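Participant: Protein chains in written order, with the working numbering: chain A, 10 to 92; chain B, 4 to 671.
Read the hints as simulated data drawn from the structure, not as lab findings. One should not assume that every hint holds.
As the list claims (entries may be wrong) - Quick list of in silico lysine-lysine cross-link-like pairs, DSSO-like style, CA-CA up to 30 Å:
| id | chain 1 | residue 1 | chain 2 | residue 2 |
| --- | --- | --- | --- | --- |
| 1 | B | K418 | B | K460 |
| 2 | B | K281 | A | K46 |
| 3 | B | K277 | A | K46 |
Model, not experiment: these values are computed from the prediction.
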Amino acid sequence: MISVLLPSTLRVSDSDHLEVHEDVHTIAELVEALDRKIPGLREQLDDSVFNFAVNDEMLLIHARERALNDGDVVEVIPTISGG
Amino acid sequence: MRLATLCPRLEPCRVYHPQLMNIRDRVSALVAELPREPQFPTQGATLFVDLERQQISRGYTPMRVVKSLLAGRGANMFYLHRLLDETLEPLHPDIPLIFGSGVLTGIVPSAARGNATSWSPESGVLMDSNAGDYFPSFIRMNGIDHIVLFGRAAAWTLLRIRQGEVEFLDGSAYLGLDNIDLRERIPQDFGGTWNRDLAMVNVTRAGENQVLCSAIMGGPKACYARGGPGAKMGSLKVKAIVVQGQTRDFETAQPYKGYNRTIAQKLLDTSVVKHALKTMGTPFLYKPSRLLGAMGTKNNQETTWTDKLDAENITPYRPGMSGCFRCPVNCRPLNEMNQDAADKYGRGDGPEYVTLGKFGPNVGIDRIESVIRLNNICNDLGLDTASTGSTIAWALELFQRGIIDTTHTGGFELKWGDADLIERLLFMISRREGFGNVLADTTRAVEKGHYPPPALKYRMAVKGLMQSDPHDARILKAFALGLAVATRGMDHLRNRVTLEINARINDDPAFKQRLYGAPVSAAPNSYDTKERAVRVCENMYAVGDSVGMCRFTTKLFNSPSLPGLEEFAAQIQNVTGISYAIDELDRVGHNVMGLERMINARLGVTRSHDTLPDRWFDEPVTFGSYKGEKIDRGEFDAMLSRFYEVSNLTPDGVPVDAWRQELQQVIG
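Working from the sequences, and respecting the hints, build out all of it.
Facilitator: Right, dumping it as structure tokens:
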């Protein structure tokens with residue numbers, strides 16, 4: 010099981026927490042699984058504003074190929090710059 | 004007649020500086036060259052305001068300057084270059100303070116910005132600070148593009164602008180008022196309503212006292228912050244410039260409102276606006292920075308901090324969002340911690356990410372309520388939160404290391420995270436009282452004899468300016484290069500290749516190549532090819548500042564799909580009738596940077612100043628997946644050389660001779 014945290018703007022319910030019980034091995038596979046749960050989410054996540062963090066590790070490169078293990082927590086984090 | 008001497012600082016430059024003339028002679032000579040009428044539809048006048056003699060002269064920026072530098076920041080550099088006497092000091096009344104609005108300011112959605120330009124009393128190099136809110140648009144409504152202030156007023160003065168005319172009013176009644184009280188008082192005395200028919204820039208007590216980290220306030224929070232603009236305006240004895248007048252539409256060369264709607268829709272459709280800027284604003288960035296291990300903490304001794312300052316923890320205190328003139332984004336978070344009218348700092352504007360970082364991790368504070376309160380106090384006292392927070396963090400580390408002690412601090416025991424003490428210090432800074440007088444000299448504390456020389460090793464500054472943002476750039480090498488080469492000092496808003504932090508872009512080499520016009524390494528921590536991305540961003544942002552567009556809504560800063568050169572060129576054509584090819588507009592941004600480097604060279608800036616704080620070369624990051632990263636001196640120097648090469652700069656960091664001559668033709 011992979012736990013997924015979505016930002017408020019992508020949430021489909023009051024909860025920011027989703028659980029994916031499908032057998033997924035990478036972020037790319039996780040996105041496909043999420044799209045099956047929430048149709049259209051794949052397209053929304055295909056956007057430079059969203060980064061992924063796995064167990065609090067920010068992924069800046071090779072994100073979709075990042076391997077996942079059972080129990081991982083994946084967070085979708087909008088990333089902007091500040092002033 | 005212009006008397007001229009050959010520039011002694013930049014041989015073999017052919018710049019003739021009228022150093023034997025005073026500012027009035029220089030202004031007279033310049034005004035005599037300026038057109039007397041607008042050169043294109045919507046162009047406003049440049050007002051030269053002699054504060055000592057209470058006289059005004061005016062002209063219009065010549066077309067050759069507009070074609071090469073546009074307005075706003077770009078034309079401000081033309082005026083500064085022509086009027087600067089580098090044999091003086093920054094706070095000398097003959098050194099002008101120049102306000103300029105962009106060529107599209109007040110006309111295009113999200114183009115609400117203007118720049119304040121001078122010789123920085125804080126850093127000693129170029130001062131060029133950008134702000135939005137309503138003032139830059141309102142002066143354009145009055146037919147004014149630039150205001151050049153010079154000469155010290157005999158007594159504290161308030162300038163009022165109505166129907167394009169300037170009145171000199173007695174400002175003494177407003178002396179000693181900080182931002183909140185002054186903004187309450189002005190509508191009572193002058194009539195009108197903020198943002199509808201009234202706008203203002205002003206200094207606070209900090210500016211009156213020439214505190215080097217004092218801002219010129221442009222709204223409840225918006226300010227010209229960087230480099231000590233408040234000190235400069237205060238030194239001229241100008242308390243405020245009040246602008247009155249109804250908003251209006253402009254008579255443009257061609258219809259422009261249709262394309263305005265296209266731009267507005269583009270803004271609102273951009274995911275970064277929908278998912279971050281419109282909802283929580285810039286504090287969103289705190290979390291990715293701390294997870295990455297790039298959050299400047301305790302004066303960058305550490306690089307991560309508590310999740311208690313994540314943006315969602317501000318949400319309970321955020322009653323809504325606010326924004327600048329005719330901007331559909333409204334990215335500015337408001338705050339309200341209580342409704343107690345007696346608590347002046349229980350509500351306000353902000354905090355932005357910079358303030359969150361500088362008054363959170365950087366000084367060891369982990370309570371969001373403390374950060375919000377300090378933010379509100381800084382907004383009232385008119386302090387640049389970047390320089391002020393960094394200055395306090397520097398002092399805290401010096402005390403921690405025993406480089407300074409209670410004999411330096413007036414008896415204060417400095418401790419990380421002591422919000423009550425920091426609050427007290429902010430008021431002392433604004434009044435230059437006790438240890439506050441030391442902190443008020445910010446990066447110059449060693450030069451002024453407050454701290455011993457070993458303190459410089461821990462000063463997180465470049466070219467005399469503390470770092471603008473809290474991001475520790477030891478990991479992302481493009482960020483590091485940008486901070487090193489920024490013309491106003493250590494500041495991310497001049498050229499940050501922000502999209503380096505987005506995996507979606509790093510993982511698409513073809514897309515990244517299209518963004519930057521050449522291949523750029525996907526690895527965030529690689530030095531390879533990052534100079535190209537910095538060059539492209541620096542050009543884009545200089546154009547953005549010169550048209551008046553907000554950085555947050557300019558392409559490449561927060562998103563690859565926000566308005567950029569193509570949209571700017573189209574709307575400049577519609578509004579002004581001036582045609583720019585995309586590469587010509589890119590060249591304008593390059594010209595602005597080149598002229599800024601020529602000004603800095605006159606102020607003594609050399610290649611050796613395009614560098615980074617020692618800490619980033621010497622101490623590796625100790626947290627996160629990039630643990631061990633630091634800046635390699637050899638790699639950095641090679642990257643800097645490549646940056647100069649792609650920027651058409653000499654090995655000393657100034658425009659090559661042919662380009663310098665071209666610029667000289669433009670600026671005269």
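Participant: Hint by hint, note whether the structure agrees.
Facilitator: Do the hints match the structure? See the list:
1. About 20 Å separates the Cα atoms of K418 (chain B) and K460 (chain B), which keeps this hinted pair within 30 Å; it holds.
2. A distance of roughly 27 Å separates the Cα atoms of K281 (chain B) and K46 (chain A); the hinted pair therefore holds under the 30 Å criterion.
3. Straight-line distance between C-alpha atoms of K277 (chain B) and K46 (chain A) comes to about 23 Å, which keeps the hinted pair within the 30 Å bound.
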